[in-house]
Amino acid sequence: MPEVSYSLDATTRLATLTIDTAGPVNTIGAGFVTDLGRAWRHAERDGVRGVFIRSGKPRSFLDGANLMEISHASAEEVAFLLERYQAVLQEMAASHIPVIGIVESATALGGGFELLLWACDHVFATSKSRLGLPEVNVGLFPAGGGTHTLPRAIGLDRALELMSAGKILPAQAFEEFGFLTVADNDALHTAGQWIDDHPVSANRNLAAPAADDESRERMRSLIARYRRELMIAECRPWFAALLDSIEEGLDRTVAEAARTDIPRFVTLLQSPNTHNAIDFFFLNTVFAPRLARIEPTLARDIDRIAVIGGGLMGRGIAQVAADSGLDVLLFDVDQDHVDAAVARIARDLDRLVEKGRWSARRRDALLERIHPSLEYTALDGVGLVIEAVFEDLDLKRQILARVQAANPEVLFASNTSTIPISMIAADADRPGQVVGMHFFSPVPLMKLLEVIRGDATSEEAVATAVTIGRRIGKTCIMVNDGPGFYTSRTFGTYVLTGIVLTELGMPPVEVDRIALEAGFPQGPLHVYGTAGGAVIYHAGKFMASQLPNQRLPKTLENLYNAGYTGAGKPCFYKDAAGRELDESVLDFIDHRDGPTPTPGDARDMLLLGMVNEAFRCLEEGIVNDTATLDLGAVLGIGFPHCWHGPARYAGQRGLKACRKRLAELHDRYGEPQLEPCRELDRLIAMGVDGGLV
Amino acid sequence: MTSSLVLVSAKRSPFGKYLGSLSKMDPADLAVQVARAALTAGGRDLAPEIDQVFVGNCIPASFETGSVTGRQISLKLGIPGFATTFDTACCSPLTALRTAAWGMRLGELSSALIIGVEIMSRAPHIAHGLRGGVKAGAVNLVDPIFPIEYRGYNSVAADASDGAATYGISRHELDAWALGSHRKWLAADRAGRFSDELIPINIKTRRGEKVLARDEFPRPDTTLAKMAALPTVFGSATTTPGNAPGLNDGCSAAVLMTADRATALGLEPLAEIVDAAPTTAEPEGISWIPALAIKNVLKRTGTSLDAIDLIEINEAFAAMPLVSTKILAGKDEESWLRLLEKTNVNGGAVAIGHPVGASGLRITMTLAYELRRRGGGLGVSAICGGLSQGEAVLVRVAGGHHA
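Top line first, the protein sequences correspond to chains A and B.
Taking the numbering used here, I'd label the letters of the first sequence as residues 1 to 693.
Taking the numbering used here, I'd label the letters of the second sequence as residues 1001 to 1403.
Any given hint could be a false lead.
To be verified - BS3-like, lysine-lysine: derived pairs with alpha carbons at most 27 angstroms apart: (1) K656/A <-> K1342/B; (2) K1024/B <-> K1204/B; (3) K355/A <-> K554/A; (4) K660/A <-> K1204/B; (5) K447/A <-> K1226/B; (6) K656/A <-> K1226/B.
What the hints assert, rightly or not - So the derived label-pair ranges between C-beta atoms look like this: (7) D455/A <-> E1282/B: 44 to 50 angstroms; (8) A1191/B <-> K447/A: 40 to 46 angstroms; (9) P1200/B <-> F282/A: 37 to 43 angstroms; (10) D392/A <-> A1307/B: 44 to 50 angstroms; (11) D455/A <-> E1064/B: 40 to 46 angstroms; (12) P263/A <-> L1141/B: 58 to 64 angstroms; (13) I1126/B <-> F282/A: 51 to 57 angstroms; (14) R1300/B <-> M68/A: 32 to 38 angstroms; (15) G1330/B <-> K656/A: 21 to 27 angstroms; (16) V286/A <-> T1232/B: 20 to 26 angstroms; (17) K656/A <-> T1232/B: 27 to 33 angstroms; (18) V286/A <-> I1145/B: 30 to 36 angstroms; (19) V286/A <-> L1141/B: 54 to 60 angstroms.
Calculated directly from the structure, the hints in this document are not laboratory data.
We put the CB at the ideal spot given by N, CA and C, even for glycine.
This is chain A alone, in the form it adopts within the complex (with noise of 0.2 angstroms):
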């Protein structure tokens, strides 16, 4: 069967393609290149009026390269692939045929966007579609034409805002700007007429340089702009391919622009970190699902759930419960605390709503969804009570213990992220009921949910929770109980090594930046800040009561004294961003003896210092395999993705050597945390250097 089916309606002369890929969505391989220009000539034979460009799938249109084809493929094959595709998106975007993309509640990503941009005259889509060109997140750039015909289509800014981000949007989003109109009634009716219309194609400038002489300067200092805050991480080359795409792009037609991005792309596709962010890719798309293995006949069937605590966290999972469908009893103390917290997520919504990126209906049905509540008499008919109070034992215990007396029956997940359920549910009535399901903040935004099994959890409650969790659109990950249980114990070792690295006497500002060129989303130090200092003090002298390996630094605990705590209260820095250091901070810095550490050790302690926190949690199993620490370290905890996690990691640099590096540091500075885990012995003994994952 072909990939791109060709129908002519005899009557209206309109022909329509049909992409219908094999695979779940619909993607761009040598096939469906061969398919479309077939296609495309039949129409072109035919001498029709028209041309509807549609998916045989109900909810992909297009969504890009055939990652999985593209990243065995030879560099010839690759590049004979893009030559190609580029070439038929050129001869339909050149031709007098009017060609209309039909999108209809699908994605339409990467290529699939690109051949709207490029060889469509205009775009249908209903509101329910979403569009965009992710490709940094699978560490690629658009080289489909997109770097040139986005910027052409919505402005330069918007262009790369959009791109360098990988941010994917409804169609709404691209309404303003003329190419796509949202037709949620009918769209092939609709672009009939459109077509009606416009007999001859429509001129999209496509063949004019994107700059002139007054604009050329502007945008190449929007580029610069991008460039210093992208490419301060070598590990991510495709930063500057993008960028060095739409720059080299500026004074060529949209065809001259993208053949030069082929031999750009196919340099791209030998860089391991890019291998490394395609894996990433599949393992969370395909293989997660298979990591947190559960029963799903245990699950309980549940349409209401409770979540008590309108703080941050527990508005946060009230909202994306409600969005995903179910019944939230939202609590909170008393009534002005719990009608705060509703007003609240109607507040954020409406922000959503009038960026355009929300429906007012969407928010609507949701908001009807959340039950502002108090009495635990409510609890009746709830199957499941997410608690996400103050992290402190006494009061979960209590709540625990409030819940499980107004309804024996209800299963009990609490949102801590150190304290071990089996504390929490020790002295519970029914322990078997208590799970842990740790969210991550922002929770809309954030993918991960850590699901964690004490020593009493049932199977029923782990399952339910992990269904739930993917309910609402979670990657679940699943993992045993301990202090900080995966994520927040090796988290906390990110931020207490960039705190560690101040008492050595290195400049606040100088860790962040280290962090930053290793590839990390955020610095240690601004982390503190954004995160909470309150919170990381918190967790951070839990744990170092727990572990032997953990240690709370002085400075934090100075910091704690003194208020430095972030979140409105002085920290770090001066501003959100984490630009301007606020030099008072020094005062509280507990220097040690003992060498400044150069960069380069700065940067292992950091990368090193989670690795072996993540390997410590596989020896203590905690974590029992190396998948579930990638994905949990990079969905949760800002691991960078272009190492694809700290398992992929540490086996591309080796077992031997990082054992060997962590010794070194753990000699020179005599961090317990840098101490080579015994995992890394084992693993070394048993012969395992790499292939971790």
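Once you have looked at the hints, place chain B on chain A.
Frame of chain A; chain B shown alone:
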């Protein structure tokens, strides 16, 4: 004391994967190719010098004619001496070696050809009761190698997994050992460390002759994560296709002589067989029997474990080397890790494959070659066999600090 015993040559075929390159060969033909290579390795034809032939093989039914398989092979080789076939499951070729050594110590013979051969891909299904005729109903065809088990006992996969549990070896550790096996094999293969022992096998196919020159089973690009995702098999708690070998095809052969005979023939010994010892344990003890066999042979020879430079423990499952080294190490984890580091240094059966009747001799020759490469030393190889019998061989290669 009689003259000491030496291996004067040892060769093996590349091991084939299940239903792979070697799968259609008659085991006798494969054995002949490998034995000829072993007999001529010293640059002269040793066939006329062989007093007796000792063959290990567990599945005689995979031969065209499934009895006196040793004699079938020796006739093709033109060796007139008596040929005996042994079936002690995976112990078979080392039982063959040990029996030959017996004979030499008794003075009954002074040279022997030892062969271990198995083509598991050819193991036929079994239909009992057809002689009486089938009155009604289906005919049940038993697969003797899937799973490998003995009536009245658990499958060997479950025994291995239970053994691992008894000794606190986790699924993760089994998988890690298995991954290490593949990676060590790859490093050894790249460094050409199998060139001493491997001979290319000529295979007649319908489309002409082809050659197998490299082990066919290893999957060095596998990862710990992929292994962790595999389901367990045969009712075991931790055994998976990833931490067990396959059902494989292959052959090993060696020439054993008294040192006097070798000297008289002007042959350079590859290694001295210091001693070989049989050991048994409770039927489910297959994962720890290699440790008991090693202890036995060390005790018989008054050798301390510390004196051992290299160890080979057949990876019938990843549990065997892990459980057995853990027992040998005692309670101290550091000593366990040091033992693991010198065990199966070029990979084991999980990577290379485990043609059940051929592996015992493979690990013994690979041990000897690796000791020679390292300038000599002392090594021990051990294997478990079905229903918990074990063989261990103590090998010394001259030139090292122990020589």
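Outcome of the hint check:
1. A hinted pair counts as satisfied when its Cα atoms are at most 27 angstroms apart, and K656/A with K1342/B qualifies at roughly 16 angstroms.
2. Taken as a hint, the K1024/B and K1204/B pair is honoured in the structure, with Cα atoms around 9 angstroms apart against an allowance of 27 angstroms.
3. A C-alpha spacing of about 44 angstroms is found between K355/A and K554/A, which places the hinted pair above 27 angstroms, so the restraint is violated.
4. The hinted pair formed by K660/A and K1204/B fails the criterion: a straight-line CA distance of about 51 angstroms is larger than 27 angstroms.
5. Distance check on the hinted pair: K447/A and K1226/B sit about 23 angstroms apart at the alpha-carbon level, within 27 angstroms; holds.
6. Of the pairs offered as hints, the one joining K656/A and K1226/B holds, with about 22 angstroms between alpha carbons and a cut-off of 27 angstroms not exceeded.
7. Separation of D455/A from E1282/B is about 33 angstroms and departs from the stated range, judged on CB atoms against 44 to 50 angstroms.
8. Look at A1191/B against K447/A: about 43 angstroms separates their beta carbons, and that is inside 40 to 46 angstroms.
9. At about 38 angstroms, the beta-carbon gap between P1200/B and F282/A stays in the expected band of 37 to 43 angstroms.
10. At about 59 angstroms, the CB distance of D392/A to A1307/B disagrees with the hint of 44 to 50 angstroms.
11. Hint check: D455/A to E1064/B, Cβ distance near 59 angstroms, so the stated range 40 to 46 angstroms is violated.
12. Restraint check, P263/A to L1141/B: a C-beta distance of roughly 59 angstroms satisfies the suggested window 58 to 64 angstroms.
13. Distance hint check: the CB atoms of I1126/B and F282/A are about 44 angstroms apart, inconsistent with the given range 51 to 57 angstroms.
14. Between R1300/B and M68/A the Cβ separation comes to about 57 angstroms, which falls outside the hinted range of 32 to 38 angstroms.
15. Remark: the range hint 21 to 27 angstroms for G1330/B to K656/A is upheld by a beta-carbon distance near 26 angstroms.
16. Distance hint for V286/A and T1232/B: a CB-CB separation of about 22 angstroms, consistent with the stated range 20 to 26 angstroms.
17. At about 31 angstroms, the CB distance of K656/A to T1232/B agrees with the hint of 27 to 33 angstroms.
18. Restraint check, V286/A to I1145/B: a C-beta distance of roughly 33 angstroms satisfies the suggested window 30 to 36 angstroms.
19. The beta-carbon spacing between V286/A and L1141/B, approximately 38 angstroms, falls outside the hinted interval of 54 to 60 angstroms.
Of the numbered hints stated above, those contradicted by the structure are hints 3, 4, 7, 10, 11, 13, 14 and 19, listed in ascending order.
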